[in-house]
Amino acid sequence: MSFQLSYRAAPGNPWFSWQYVRDNSDTILAALREHASLTARAVLIAALVALPLAVAAYWFRSLAGPIVALTGVLYTVPSLALFAFLAPYLGIGAVTVLSVVVLYALLVIVRNALAGLAQVPPEIREAAEGMGYGRWGRLFRVELPLALPGILTGVRLATVSTVALVTVGVVVGRGGLGQLIFAGFQNNFYKAQIMTGTVLCVLLALVLDLILLGAGRLLMPWLRARSSS
Amino acid sequence: MNPVGQAVLWLNDPLNWTNPGGVLDRLGEHLTMSAAAVLLGCLVAWPLGLWLGHTGRGGGLVVLVSNVTLAVPTLALLTILPLTFLGFGRPAVVVALAVFAVPPLLANAYTGVRQVDPEARDAARGMGLSGGQVLRRVELPLAVPYLAAGFRTAAVQVIATAALASFVDGGGLGQIIRAGFGLDIAAGGGQIIAGGVLVAGLAVLAEGVLALVERVVTPRALRPAVRPAQRRAADATAGN
Numbered sequence: 001m002s003f004q005l006s007y008r009a010a011p012g013n014p015w016f017s018w019q020y021v022r023d024n025s026d027t028i029l030a031a032l033r034e035h036a037s038l039t040a041r042a043v044l045i046a047a048l049v050a051l052p053l054a055v056a057a058y059w060f061r062s063l064a065g066p067i068v069a070l071t072g073v074l075y076t077v078p079s080l081a082l083f084a085f086l087a088p089y090l091g092i093g094a095v096t097v098l099s100v101v102v103l104y105a106l107l108v109i110v111r112n113a114l115a116g117l118a119q120v121p122p123e124i125r126e127a128a129e130g131m132g133y134g135r136w137g138r139l140f141r142v143e144l145p146l147a148l149p150g151i152l153t154g155v156r157l158a159t160v161s162t163v164a165l166v167t168v169g170v171v172v173g174r175g176g177l178g179q180l181i182f183a184g185f186q187n188n189f190y191k192a193q194i195m196t197g198t199v200l201c202v203l204l205a206l207v208l209d210l211i212l213l214g215a216g217r218l219l220m221p222w223l224r225a226r227s228s229s
Numbered sequence: 001m002n003p004v005g006q007a008v009l010w011l012n013d014p015l016n017w018t019n020p021g022g023v024l025d026r027l028g029e030h031l032t033m034s035a036a037a038v039l040l041g042c043l044v045a046w047p048l049g050l051w052l053g054h055t056g057r058g059g060g061l062v063v064l065v066s067n068v069t070l071a072v073p074t075l076a077l078l079t080i081l082p083l084t085f086l087g088f089g090r091p092a093v094v095v096a097l098a099v100f101a102v103p104p105l106l107a108n109a110y111t112g113v114r115q116v117d118p119e120a121r122d123a124a125r126g127m128g129l130s131g132g133q134v135l136r137r138v139e140l141p142l143a144v145p146y147l148a149a150g151f152r153t154a155a156v157q158v159i160a161t162a163a164l165a166s167f168v169d170g171g172g173l174g175q176i177i178r179a180g181f182g183l184d185i186a187a188g189g190g191q192i193i194a195g196g197v198l199v200a201g202l203a204v205l206a207e208g209v210l211a212l213v214e215r216v217v218t219p220r221a222l223r224p225a226v227r228p229a230q231r232r233a234a235d236a237t238a239g240n
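Those sequence lines, one after another, are chains A and B.
What the first sequence shows, in our numbering, is residues 1 to 229, in sequence order.
What the second sequence shows, in our numbering, is residues 1 to 240, in sequence order.
So here's chain A without its partners, still in its complex pose:
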């Protein structure tokens, strides 16, 4: 992606300029689109991998300790270091960025999903068993629905932090809006461009979070009833 920037900007390097936004709307939209698509793909992949992992850790208690410990250690590893480990093998590009952010999102979702599953009351599990549910029926009809708030919290946290994390992708040239921010810094500290990138980043995180919150309300009508009563 190349950034053709127009410097007919307002004089005096202001923090925000409509002129800049108008003149570079194509570039800005391209960066926003890349950022949003990287985030959406990352969270989707992470959720698809994390849920089976969390269920495995829930079913086989002996797996829970190692999985939680491993996610803890991986979480301590700084994102730039993770880029450093993966880039020489995956090359410079979107695949590297996607791998790193998927890994972080995965950790957050696994931990929260596991916490959500672990707090399903044992009595409910026994009642489900007594009603004749098998392992899978119990999982899909009883345990996962009850763990849904925890899972959703994990997905929301993962989404918001992924939006912020994608910007680190500038190190391999694919940072979405981070690219905008970084280019603004390098091109004579162009404040309007840095600010536009930042504001869009925060707005993107906010919008995605609200969408997930709304989806959660639709998926879990029983929680809505409880909070309003």
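Bear in mind the hints are in silico, worked out from the structure with no lab data behind them.
There's no promise every hint is true.
[Said to hold, decoys possible] Sample of chain B residues with no beta-carbon within 10 Å of chain A, all distances over it, derived: (1) GLY89; (2) ASP117; (3) LEU129; (4) VAL144.
[Unchecked claim] To give a feel for the contact side, a few chain A residues facing chain B, derived at Cβ under 10 Å: (5) ASN13; (6) PHE16; (7) THR76; (8) PRO78; (9) LEU157; (10) VAL163; (11) THR167; (12) VAL168; (13) LYS191; (14) ILE194; (15) GLY214.
Here the structure is a predicted model, which means the values were calculated and not measured.
C-beta: ideal position from N, C-alpha, C; glycine also.
We have chain A; now place chain B onto it with these hints.
Same frame as chain A, now just chain B:
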């Protein structure tokens, strides 16, 4: 030669450690700016968190602060702050890092005071202690496990984030990785991985050492409370 072999080679070259801008220089920069940032974060977040917890107000503010900082990219703060009155150089980087240290410190100081047994607070009141004395002599000591857990989370996070200071040439170990990327991936692959090992190693080491510190500063009577404190700290700042 594969990148890992190159990385071992790079790490084995003594000049890469002792040269100006070598590993030792960068490590020093990394640690001094992390320490300054954590110190600054503590100075701001602890008094505020303790006071908010003491008065029982501002729980919403604490949550808001952690949510907002979660959404703001580190890169944005690192590039914006040098353009403000802080000017280019170390102070701007330290302030940017400190901003990310505040949420865990604040949230833990707040919950640390809030979780104090109300009966202990009442008893202290009944003994004639004033509000300030209750905070200093009762709530603060009982909040120590939480403060320690928050300190550990914040410090590890700052050390991890400090690697990104290299984007604005702020120094630190991240600079080694950035320089490696600057060399092109085929030539710099070894250096990139070596830098990654150093950055990750430092973060994991800091985590281990601070876990030990956390155990030591927690009075024995409060130790059983350490586990829930950690869990709550993780909840408060999950997604860092």
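Ascending list of hint numbers which this structure does not respect: Of the numbered hints, 6, 15 do not hold.
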